[in-house]
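A.B. asks: Whole structure, please, built from the sequences with the hints as guidance.
Read top to bottom, the protein sequences are chains A and B.
Going by my numbering, the first sequence wraps up at 279, each residue one higher than the last.
Going by my numbering, the second sequence wraps up at 810, each residue one higher than the last.
Heads up, simulated PhoX-like pairs for lysine-lysine below, C-alpha to C-alpha not over 25 Å straight-line: (1) A:Lys-226 - B:Lys-778; (2) A:Lys-230 - B:Lys-797; (3) A:Lys-233 - B:Lys-801; (4) A:Lys-123 - B:Lys-795; (5) B:Lys-746 - B:Lys-778; (6) B:Lys-797 - B:Lys-785; (7) B:Lys-746 - B:Lys-759; (8) A:Lys-226 - B:Lys-797; (9) A:Lys-109 - A:Lys-161; (10) B:Lys-788 - A:Lys-226.
No lab work stands behind these hints: they were computed from the structure.
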Amino acid sequence: MPTHQLDPNLWIDKYADYLFNYTIVRVKDRETAEDLVQETFLAGLKSMENFKGEASERTWLISILKRKIIDYYRKINSKKGQAEVRVNYSGDGESEGDWLEERVADNFDMNAEDSMQNEELGLAIEDCIMKLPEKQAKIFRMKTILGYDTETICNELNITPSNLWVIIHRARTALMSCMEENWY
Amino acid sequence: MEEKKSFLFVTCDEAKQICDKSQYGEASHWERIKLNIRLSWCRVTRAYTQNNKKLTEMMKQAKLETVEDKRKQDMKKKLQEEMAK
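C.D. replies: What follows is the structure, encoded as structure tokens:
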């Protein structure tokens, strides 16, 4: 029985950053990553009928995004010429058919163990940020990820510095306990 | 009679806030001195500081990125346009 439902009105707020971080480590270009995330949401909207409710909304969107990333590399591949990419393929040379899919599934261009670990860590933190109330998540992202200074955030959101530090404190406390549960 | 607190004394909550600020390099010299004094005897502040530093380290290690607000608004607009079709 289907247990999950789709709500496209919430997709950007809930998943844009998660999908973006998933993509940026694979395509290494901000603008391309943002475009792929955007395309994923639009494709998701078009194929909502195919959603069976067995996977979570996010897992379903990630599966669409994976295909978008594969398509992106196929496009690049056909532009550059296949030989160039095949030289870099670290497979055994006999698996002709699904080589591209294998590489994307196996973290394209990220062979180093620490890169994979950092990606897992990043997605675990993203999971925890997603659980914060919207305002806390937004201010935490502005302060910690975008590195905005206190004054800029206060002016933009019309809050006082002491409000900001209270919100940051709540966000950090919740994140510490979430990471304690999910990561260590 | 109420005991007069030293100007170097901070409460646990104040110490936590200084600790938060210092994760972003925004704690003043005096605030850091006050925090350090409290850290020398308060276990709660010490535990908080330790976990807070760990979170900062993890954030650095993960190199997380975020989609800028303006771009998110564009995405929302496009999605809503599609939904309205």
